[in-house]
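K.L.:
Given two chains presented individually in distinct reference frames, assemble the corresponding complex, making use of the accompanying hints.
The residues making up each chain are set out below.
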Amino acid sequence: MDGHRQGGIMKSIDKLKWLLTERHSIKNAETEVRDREDLLSPGISACLGCGAELGLRIALKVLGRNTVLAIPPGCMGGVGVVGYGPTTGAKIPVFFPLLDNIASMLSGIKRQYNRKGKKVHVLAYAGDGGTADVGFQSLSGAAERGESIIYICYDNEGYMNTGIQRSGTTPYKAWTTTTPVSNSYRGKPQANKYMALIMAMHELPYVATASIAYVEDYINKLKKAAEVEDGLSYIHLFTPCPVGWKFPPDKTIEVARLAVETNFFPLWEAEYGKIRFTKRIWFKKPVKDYLKAVGKYSHLTEDEIREIQQVVDNRYRLLKSLAK
Amino acid sequence: MIKVVDGNQAAAYGVKLSKPDIIATYPITPQTPLVEYLATMVARKELDAEMVEVESEHSALSALHGAALAGARTFTATSSQGLALMYEPYFRTSTLRLPVVMCIVTREMISPQTVWSGHQDAITVRDAGWIQIFVERNQEVLDAIIQAYRLAEDKRVMLPVNVCLDGFYLSHLIERVEIPEQKDVDEFLPPLELNHIKLDPDDPISVDPLTPGNLLTHYRKKHIEGLENAKDIIERIDAEFGQVFGRYYHGKVEPYLMQDANIALVAMGSMTGAARIVVNEARKMGLKVGLIKLRMFRPFPKEELRELLKDVDVVGVIDKNVSFGFSSGTVFYELKSALFSYHEPLMVNFIAGLGGADITKDYLRFIINYLEKIRQSQKVGREVVWMDIDREV
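Protein sequence lines, in the order shown, are assigned to chains W and D.
Once you know that position 12 of the first sequence is 2 in this note's numbering, the rest is easy, because the numbers rise by one and skip nothing.
One rule links them: number in this note's numbering = place in the second sequence (from 1) + 157.
One chain only, chain D, in its complex shape (with noise of 0.2 Å):
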């Protein structure tokens, strides 16, 4: 079935797709749509879920832990002020290993006050322990949820996801979306199992008692493993996903022209389309120009990052986000710290899309220009470009 639907809607289908079983939400802009349609889903009884209508994203989130240890597959979703409210139970949820699955509908943070788009949110919790699938277009917005449940659930991972997609950009622009078979998803995603933490008086268990620090660094270290076991298994999905499904996302990152490329731009979200469009004209006219699109925030997929990477003379970061104490955005250091010692790349950062601010084809085209440029003089200068501000340079 196809349908025009914005992304909002398109995480809706892909939520009721995957059947889950308790849904909490607190509406806050610009999320609001998508749980509006899952409730209109419930009250049609198309979906057949437990709506928990809670007064605050902390509560939505806690609400979805009760409910993941009496054993329910579950969703919330939430942007910006919300994810920052949510933060507590956000850690818990992945240190209690629950395979919650929630959409961040990425916003930028205040102040100033703002409530447009930005990955601000979702990349001040990259280190909280869930994984972070950071999506294109509102195709992938539904094909990801779906994934998102299969990966979280498997054994060898049991950890939340999160799917981002970019605020207005895709949660409120409209795109054509194909609806998979319900009967496909449920052979492709089998029921939840979840037995490493339960609260049941059939079978009585203490769970998270206090624990000493000795003991808790084995949980940490887990964890670790199963964000590690989770490289592995999102390519394995991803790849049945693509023979079931028809659709196929490169699992954690996706080379646009990277085979030839001297220059290479690395993107994440929304922009990542525009970029494709950008990076074609450019080859059009000689330069050897390819793409990284970055899917998977977290775990950090630093290996195939340093495979693509390796050959690449200058590397250009876009990142809608700015680590404040690092003076660059996050990406593009995390980028060069997985480089680090393999090879050395000139590198060369670029803020953009901060706050709604829309990053054009027009100001891709002088990314690529610059990076073209520092190429021919083998010199980086400016380590960090501001959008807006710094154009001239």
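Pulled out of the complex, with its shape left as it was, chain W reads as follows (with noise of 0.2 Å):
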């Protein structure tokens, strides 16, 4: 079903090597990120148990203050990262662009530093709806452009921060305040647009998803993202929203979890179109168990529970022909 049907010896030597290499970077990138310097201001307004706002305070860690940072209209923005009046949230140059020139914009800013012979990381940190609805386009453009700027999008599946409406990331049947619940209407009536596997097929020279479960995995992916300097970057970031998608604030980390032991949101990193895993999910669980972890979903049946089961295997044996 899920593709991991290795046979028993084969897995434990892949176990044996995970344990070996991957297990080792973990701790390397743990320790070495963890007492640089937060550059985002401890102020800022984020909800309780913020999956985006951990994302950004991490990414930051990582790229450093040689960075420009652009905040488009959205949570973060919202939240005051950019800042209000004459207060900033964050201790680096940092830019509101319109919610759907992001991509453009830093292209703009990439080639003006590289035409003075200037190293600056130029970093976008935008929700899904500016990456996947409105701003895809200029996205895209400056993807094929080979702009080399690093993409970050937060993915909480819709637009939390104006009141939980339906984007185009938004997943099959999920509650949003625009794709209601009844008898008759079960929530999105699509699948959600597969971005990081769309930016993958521009082929970049990077591409990643990652999750606020795995920081370590997210910590490596930024690094070799600011490696990049013959292209755009792009990292899809899972950053579940307890208030839009009605869980908890302190099983964030829970869910995001959850999503990647269910393949429902699996890790895996593209070079220049070449897909490779970097996450083995040795005891895959069924995506039921991260589905009733989640308020948005709490209207479904088992029959749609099956559904969607269908859908992230689909998309997952779909992940396995590419990568190789």
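Quick caveat, the hints were computed from the structure, so don't treat them as lab data.
Glycine included, every Cβ here is placed at the ideal spot set by N, Cα and C.
One should not assume that every hint holds.
What the hints assert, rightly or not - Only pairs whose alpha carbons sit at most 25 Å apart, straight line, appear in this in silico DMTMM-like list of lysine to aspartate or glutamate: (1) W:Lys108 to D:Glu310; (2) W:Lys108 to D:Asp519; (3) W:Lys106 to D:Asp311.
Stated by the list, open to error - A few chain D positions that, by computed beta-carbon distances, are all more than 10 Å from chain W: (4) Ser216; (5) Phe402; (6) Phe497.
P.N.:
In structure tokens form, the structure reads like this:
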């Protein structure tokens, strides 16, 4: 079903390899970054248990002060990362691009710094709406042009900041205020846009999925993204939202972890279109375990859960067939 | 150096001489050749600039936001539907006070489907905070671009500037154009210093945080002060340009045979050339007709127009656009509003040249005769006259 049907011996060897290599890098990555300066103000007003805020703090710790940051309208803009009136939410240069020009605006910054011969990380930390919906054209254009920017999409699966509306990455049958639930209407009728795979198909130097439950994996991916000089690097970061998804704020990491453990959100990376899994799930859990932990799926019947399992399995199969 | 070039080439020469760092473009007719010429200049290393070949006009201007915030002198160009798509970053360019220079190769807006000349595109965005200069001929296209950078980057102005050249009538027609020497332009146009906002890790600031209304009101007022400052500064820039390069455009408005005129014709863009010829003819026939070329449309030169028209009996305004909902052309009602409570000449509006329709000498003769009849009768009758529809009135 999930493509993990290797023989017992192969499985053990893989596990041993993981213990020796990946586990090792976890410790290194975590200890190296943990004590670095937090470049975000402690006073930003993100909701309790916000996954996006955590993802941003980690990203800035890895990339450091030599970074220009774009925070488009969305949760992170709303909570004050760019600031309010005379105050600011970040210790690095930060700007509100338009919701739909994030990647093209950053292209201009990067080009001018290249022209001046100055190396600067040019980073977008954008929500899924600005990435998959209204800003998709400019992102795809910048990717095709090979603009050397780092683009992180924090995916909370909808317009969480403005009242929990559906976006192009809201998953199949999820409740939002614009995909309501009744007897006849069962949440979002369509599946989510597979943004990370779409970006990988641009044959970018670096594309990855990441999760705030797997910090070490995220850190390693940020480092790889930061090293890219010959094109756009894209990280699709899974950031559960307690308010919009309806789960208790102390469960954010658990929910994020379950999404990975059920293959709902597999962790992988792609260099120039070549896909590689970065997190092996040895004991895959049914997607039901994840859906039951998230309130926006509380309306689902057993049949509907089976349907979602099918969607998740199909997606994973596609990914496996591409990963070599 | 003398060249025989179309308006697009003249614009490309003006841009090249102004030495922008970053050019971002999306090609759309009739500006296509303009950006093609620039791309060729960059490829041949005649112009040391970065070309960002974006996927839309929206992205073109957006890339320039980023470039300017990193300290770049910037250029782009667009037309009609491209400008419409650009509206969101367009508004923001001026409100961020970024000194971008952009040519609008003016074209009609659809529908009905059209690709031809008209001022509707540029006129429709007149209240978005940019400076707009409308030019008459290809030499002026080139010269106005150099002037535009000086004006945009002046500390007292710090605003983006549109150089508006008529699609096809200028962009695709060929004229003699004198190309200035690079060293003279370098002297006339000092390097850009952009310090009010920037994105620089060595000097980190937060650019454009959420701003409460009482503070935003200050921004709006200062923006308008910058536009008002541009009125004086364009005069000084143009006068200095005249001394260095030998060509002078009268800053905001150019009066032609206005001294003793009792009838004035107000024109904008390439139609002014034909109007000069017909005004000359009318003068020979004894009519006291003068012509006003409105060169700067934004900020609107109210004061000069009041002064020029103070002894005129009849004013005819030719509009290559319409104001939907005001039921006249835009220049007409803006001029009327500027004159209100100062003096009240009889005023008639002529809607002409829409969608590439030719404003012929014949039609201009009709306009002058029409205005002379009004002067004699002292009665306006119909206030808005439409070319090709109301010809017989």
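K.L.:
The structure should be examined with respect to each hint, and the outcome stated for every one.
P.N.:
Checked hints:
| no. | hint | in the structure |
| --- | --- | --- |
| 1 | W:Lys108 to D:Glu310 | holds, 24 Å |
| 2 | W:Lys108 to D:Asp519 | violated, 60 Å |
| 3 | W:Lys106 to D:Asp311 | holds, 23 Å |
| 4 | Ser216 | violated, 4 Å |
| 5 | Phe402 | holds, 29 Å |
| 6 | Phe497 | holds, 38 Å |
Going down the numbered hints, you'll see the structure goes against 2, 4, while the others check out.
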